[in-house]
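Using the hints provided, position chains U, G, X and S with the ligands relative to the given structure of chain W.
Residue numbers (this note's numbering), protein chains in the order written: chain W, 1 to 295; chain U, 1001 to 1230; chain G, 2001 to 2384; chain X, 3001 to 3265; chain S, 4001 to 4399.
These aren't lab readings, by the way, just hints derived from the structure by calculation.
Positions of the beta carbon are idealized from the N, C-alpha and C atoms, including for glycine.
It is possible that some hints are incorrect.
[To be verified] Which stretches of chain W does chain U cover? Using the computed rule of at least three CB atoms under 8 Å from a CB of chain U, they are: (1) 162-173; (2) 184-196.
[Unchecked claim] Label-pair ranges, simulated between beta-carbon atoms: (3) W/E58 to S/Y4341: 22 to 32 Å; (4) S/L4028 to U/S1213: 26 to 36 Å; (5) W/R282 to S/A4354: 32 to 42 Å; (6) U/T1052 to X/R3164: 45 to 55 Å; (7) W/I4 to G/A2172: 32 to 42 Å; (8) G/D2320 to S/A4036: 51 to 61 Å; (9) U/M1126 to W/V153: 29 to 39 Å; (10) U/T1052 to S/S4364: 16 to 26 Å; (11) W/A158 to S/S4364: 40 to 50 Å; (12) U/R1013 to S/L4028: 24 to 34 Å.
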Amino acid sequence: MDAILNQIPIGLAIGAVLLLAALGLNFTFGQMGVINMAHGEFMMVGAYTAFVMHAWFELNPDYALVLAIPAAFVLTGLLGLALEVSVIRRFYGRPLDTLLLTFGIGLVLQQIARDIFGAPNVDVPAPVWLAGGVDVLGIRLHFARLFILALAVLCVIAIAYYLNRSKPGRQMRAVLHNRDLAAVTGIATRRIDATTFFLGSGLAGIAGVALTLIGPTGPTLGHNYIVDAFLVVVVGGLGQLRGTILAALALGLLNAFAEFWTDASLAKVLVFVAIIGFLQARPQGMFTVRSRALT
Amino acid sequence: MLSVHGLSAGYGRARVLFGVDLDVADNSVTCVMGRNGVGKSTLLNTITGLITATSGQVTFDGTDITRRPAHARVRAGIGYVPQGHESFAPLTVAENLDVAWEAAGRGPRTLVDGALELFPRLVPLMGRHAGVLSGGQAQQLAIARALVTNPRLLILDEPTEGIQPSIVAEIEEAIATLHARGIAVLLVEQYLDVALRLADTVTVLDAGAVVHSAAREDLSTEQVQSLLAI
Amino acid sequence: GCGPAGGSDDGDTVKVGMLHSLSGTMAISEVTVRDSVQLAIDEINEDGGVLGRQIEPIEEDGASDEATFAEKAQKLLQSDQVATVFGGWTSASRKAMLPVFERNNGLLWYPVQYEGLEASDNIVYTGATTNQQIVPALDYLAEEGHESLYLVGSDYVFPRTANQIITAYAEANGIEIIEEEYTPLGHTEYSTITSEIEREEPDAVFNTLNGDSNVSFFQQLRSSGVTADDMPVLSVSVAEEEVDGIGVDNIEGHPVAWNYYQTTETPANEEFVAAFQDAYGEDRVTSDPMQSAYNAVYLWAAAVEEAESFEVDDVRAALDGIERDAPEGPITIDGETQHLAKTARVGVVNEDGLIDEVWTSEEPIEPDPYLTGYDWADDMAGEE
Amino acid sequence: MTHPLLSLNGIRVAFGDFTAIDGIDLTVNEGELRFLIGPNGAGKTTLVDVVTGRTRPTSGTVTFAGQPIHGRSEHRIVRTGIGRTFQTSVVFEELTVTDNIDLAAHFRLSPLGLLRRRRGITATVGGVLERTGLAPLAGSLAGTLSHGQRQWLEIAMLLAQGPRLLLLDEPVAGMSRAERERTGELLTEISADHTVVVIEHDMEFLRRYARDVTVLHEGRILTEGTVGEVQADPRVQEVYLGRNQVTAPEHDGGDMLVRTANEEG
Amino acid sequence: MTADDTRATARPAPAVATDPQPSLLARLRGPLVVAALVAAALLVLPLFLDQFRLNLFAQYLCYAIVAIGIALAWGRGGMLTLGHGVYFGLGGYALAMHLTLARIAEDPMAPGGLPDFMEWSGLETLPLLWRPFAHPAFALAAVVAVPGAVAALLGWAVFRQRVRGAYFAILNQALAAAFVILIIGQQHLTGGTNGLTDFPTFAGTDLYSPEAQWVVFVIVVITTALIYLLFRHVAGSRYGALLVAVRDGEDRVRFLGYNPTWIKTFAYTLSAMAAGIAGALFVPVMGIISPEMLGVVPSIMFVLAVAIGGRYSLAGAAVGAVVMNAAQTTFSENFANGWLYLQGVLFVVVIAFAPRGLAGIAQSIAATVQRSWRARATGGAAGSAAGAPQETDASGSPR
Ligand SMILES: Nc1ncnc2c1ncn2[C@@H]1O[C@H](COP(=O)(O)OP(=O)(O)OP(=O)(O)O)[C@@H](O)[C@H]1O
Ligand SMILES: Nc1ncnc2c1ncn2[C@@H]1O[C@H](COP(=O)(O)OP(=O)(O)OP(=O)(O)O)[C@@H](O)[C@H]1O
Ligand SMILES: NC(N)=O
Ligand SMILES: [Mg+2]
Ligand SMILES: [Mg+2]
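Just chain W, with the same shape it has in the complex:
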């Protein structure tokens, strides 16, 4: 029984990682309709930022990680911005093409990382204060996981504020729905696009830093998370923050329990089957806005 209960924090921890990886997609994919396959590589850039903090700038791991978070946000954000301004902007209204385009870009980014940092994984030491964990009611909570969870929560709050309370958030949704109409309503669509992409990419950078705590830091880091992250956004409903959160946690728990009862391989397959089943009931994800428009 304890063992089963123990899967709950594990599932939530997995969910937090998925959530962090998916938050950026919630912008670029959910809000803008850009299927950014290079999102995984943006996470990789974030992770290498953390590496550079300690390896090149020789910062103390105890605070290198904390410094890496804003640095990675800005760096990957700018990378995304550069990408948006140079190519992606040619693609609005062709969401499926962006997938292929960014896939190509992802391959190139991987190869660049390999050429700069070498093919093997690199070591990003975790701060001492994140080592170990606490037992709560007989359930073990790791500090690293709690940190990721906290980071995810912070990001969610910031995003929720941005999306619902602020002017650019609204404009972003308007632009996604109808670019032309937005333009003749006075919205500077290009600036909105650029900002959105900057934020989505920046969030990938933050996720990348967090991932160094629990997994390998190497050129192919993104591959491990990208499919799951997209699934989270799809199950949650495109552009639905609430949905993304719930979906991430649900998939995390599902993964944890499926793995507990079967094994890690079968768990992945079961999760996929569950998602198909879920979409039978809610084809447009957990939360969607109905529109009467015919498509």
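Chains U, G, X and S with the ligands in isolation, oriented as in the chain W frame:
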């Protein structure tokens, strides 16, 4: 106020407009008329920047805006209601208005109140997603949205389409009121009676070119009808 | 790229293939192996080449994809007509290339420890087979008094076969196998497994995870507070190259089993490490597969000299008994299985990220890919 | 000619808290040309959505030609003989005008039949192209049509479908005067051997072509009757027509609206 | 105003411009071109290519078959399928299972009659799943039927619920990921990561004799041609137009009396079957099928080939597959260490600057040439232009 000179435009290789000239004087109502498919909407889309002109010039208040992006034109004072009651479906009615009000540079907040006064039927719908509105409700929202951008020139593409008769009359009154407040209006309208009641100048378009342009008082209804029946 | 036209027999060079993954997930490991092959070729060329000919490597990228390995092998053999090929890492890539080499009568030098149960005339296996790595590792664990094992591995042929051997061994030696868990390649979530390990408290963990998964596994195990003192995790696919990526803190003190470490004390190794770091940088480490790949080139050259021919059939005939004082110590080719006699070693990761030897078989162990010499392995599937 | 073809019984549609249709009973007889009017948001389009399967009624039944059809999927309802157009026209932009109409005309083909190549233009399609004046645009991609041209294409597709009951949602919105008249003629012609229901806000059009009119208001039927009866109803004037429309007719002799009203009587 | 006036004001309506009935020759033009290409491939290529290159070309054609299928499902039907590796794999495995059993039947070294990986996994008898694959006819039927059935089932389940666009794409991607994990995890049935390899014989003949390789080449070329012609016919039929209609307005199609679920499922299934056939051909050509070739990345590569060739054109897609893979071979043979850059740049440039791919470029060149001569009104490029978004030409498109 607005001056269009030798404007040509089209879609890809298909040319639609061929050297259109058009002037909208300060504080006037200009009505563009023409059969379906002659290029009326294309003309308005080119003026507002949705389509880039292949040649010719659009001048607003003496500045050449031919190459300016669409949103900049809105901020310069050109409000646009495109054809086909379009709205931002995932946003609520209130958000539709807010987003426009903010984007155009936040004129006085009374703009929003004013627009709602004009379309009181939108008030109970403020929290509803625009995507579920009825055709006429959406059209009212579209006009309201253009009004909150605080335009000095309001461009309307068949604003009464899909609107119930009593509100058509109200819109007509509203346009007259705006006019009285010094806002210039460029209007495409298929209801002849409405158009002729409002217009100071009538321009008739056929096959992408202006075939007639005259002051309202120089035209009889029959003349217009025959021009439209080419 | 494509070298000058002509088969391997004319001109004053001899073409050999280098076929490793330079892109994709396996590039992490294989690039360093390629570097070692290149180093050996450069050294041999410096010394006058083979049979007076300079070795001209033709490099292809296997791209971490089996079909690409098959395709490139075919290209090297048919279009480039290379004398031999050094290549492969994963068992899957080897299995993919095997029929190509058999059909074209080529010779492949495969440098990585693997699951055994194979002996092709067209492959020379310069890494360890199971009785030179897995079995000695088990001997070591038994000697250390560990009586219960938890098995965790990546879900593919090497770990599965290794675990069968471990299970058979355990049954014969009164060791309890607590659990056998597999995760997909590239898996990064080990919380479920680490918490089960914590709960079950085995004496030791036998780890056959491959690649990236090791990083997550050790990091997450460390987060759980499990240390090498409490519960050693013995790995057979973690070498010096991987340690840095895992983070020394996370794996320090845990044992690994190989035939070679950078710290192995032989004169040949001193030279090898020096030469490697000279060529590729002081910060680079050497590892078992790199050393095996490096040896392969020298063994091939020796066989060619012995045969006085580059022809595969002649070279193959000359293989038996070829010896060398390798960085790992003396190695000898067994002509029958085309595997090497190798010394087994268990080491422990130290705080510098290098590996200190703590146990050795002293003598080279004869290769036994089908484990015919072990009674407890009788029940195991094997072809012979 | 007075067999009920379509009957709605106790239809209610609620979207969350909001009740868009609040208990409507309506019968349309075989051969009728019925106009449906009412303020914006009254529920006209929703009613058509209910009949055509796009919206499931919260309660109530829809019977067509004696069979209950509520709850059936959209394409099945079409197959029983109901066709519609859309208020905001939706055509297949990357097919030619001909292909758009051709697809509408051939939904009864078997799967194998569909897999045959289309050779030339069938008589039905040709006839529809001609009747709707789209012939000169036959080869154009529908995406290149103007607003009014699209409305025509919607009508053309509906005609090609050959349904027993035609439901048109604001067919003349955005059409030029001349074309509105052509549409009116066409509808009159069709209604000779079809049942037609038209939603319109164009009063001039209504007065010229309508026979029976049903007025919806806030999800209920406000009144039914002839054009004259309905127009004279003060409640209709109150919620829909506006006082001006009826009270201030004569100030401009050239006013189409008034002139038509006078003609009709 | 009277009715007569109304008529007078109506736009002049000339007699309906009926499509000219295409002449027999025009109708046969596509097939004739294809037949000529087939003949050229069979007669000319062997003069220039050695056995290895010929074999590579056959491999590219396998990808071309997949591309033709994807062009139908995606280009016409708008179903971006990022999981076609699954169907390629199912076809490949079906045949590879047979070939593996055929090898074992002739191998005196395999007394248990089991593939080696089954023995390692402790199996003692051939699993039920494998047994029917001993019959070549069953295996060949499975090559088409299994991918078809899986696609039909999945397609029906998701299309019925109107899952589409990005949702569908991501779901397919997850399918590919899950499928690979499943295959690897079921090592005792599938050989795990190693896949199935080493197929010396088929139907009792040595598969790797030069003659057999030649026969395989001929079969690949002819199959590619036949599949192209079949898909071209489908795309050109009413159903093809309907597919485009569903892509652009699925909900609207319902109101024309069609059920989009079946329309989409059919195209998706058809394209899965093509992928299955391609996978099966790939097996004797390359001598291996393994999970690495079925996952997310190879599946995206399939789609990329289509994008590069031009998604709206079946022929373009096929050419794209050949060109992209040939480019990849060339790059990687010549720049083993940096070819990924070249490949990435190729993807980005083509997709960004030629949204309709090579076919689009070819078409605009052809159009320019045509215009500068004199418009020859009839006959579009074979099986290509229809359904492509055309930003040009208000005055009519080729039909
Ligand atoms: N996206 C497009 N691509 C190509 N041609 C187009 C496109 N949109 C419109 N056209 C063509 O341009 C011409 C003018 O269209 P436009 O929409 O400006 O007409 P309009 O006068 O507004 O007609 P309506 O009264 O029907 O709205 C039409 O002939 C139409 O076929
Ligand atoms: N999905 C929905 N959710 C909430 N409200 C809805 C939904 N669909 C329709 N409505 C509301 O139902 C009412 C009826 O809409 P409907 O489109 O039927 O009106 P209509 O009579 O066709 O009006 P119009 O003349 O403006 O086209 C409107 O108030 C609309 O906002
Ligand atoms: N042979 C191995 N380690 O895959
Ligand atoms: Mg228009
Ligand atoms: Mg309506």
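To see whether the hints hold, each was checked on the structure:
1. 162-173: Coverage by chain U holds here, the residue count being 4 at a Cβ distance below 8 Å.
2. 184-196: holds (count 7)
3. W/E58 to S/Y4341: 22 to 32 Å: Check passed, 31 Å falls within 22 to 32 Å.
4. S/L4028 to U/S1213: 26 to 36 Å: With a Cβ separation near 56 Å, S/L4028 and U/S1213 fall outside 26 to 36 Å, so the hint is violated.
5. W/R282 to S/A4354: 32 to 42 Å: Hint holds: Cβ distance 38 Å, inside 32 to 42 Å.
6. U/T1052 to X/R3164: 45 to 55 Å: With Cβ atoms ~48 Å apart, the hint holds.
7. W/I4 to G/A2172: 32 to 42 Å: holds, 35 Å
8. G/D2320 to S/A4036: 51 to 61 Å: Since the Cβ atoms of G/D2320 and S/A4036 sit about 57 Å apart, the hinted range of 51 to 61 Å holds.
9. U/M1126 to W/V153: 29 to 39 Å: Distance hint for U/M1126, W/V153 holds at roughly 32 Å.
10. U/T1052 to S/S4364: 16 to 26 Å: holds, 20 Å
11. W/A158 to S/S4364: 40 to 50 Å: holds, 46 Å
12. U/R1013 to S/L4028: 24 to 34 Å: At roughly 31 Å between Cβ atoms, S/L4028 and U/R1013 fall inside 24 to 34 Å, so the hint holds.
Checked against the numbered hints above, the structure breaks only hint 4 and satisfies the rest.
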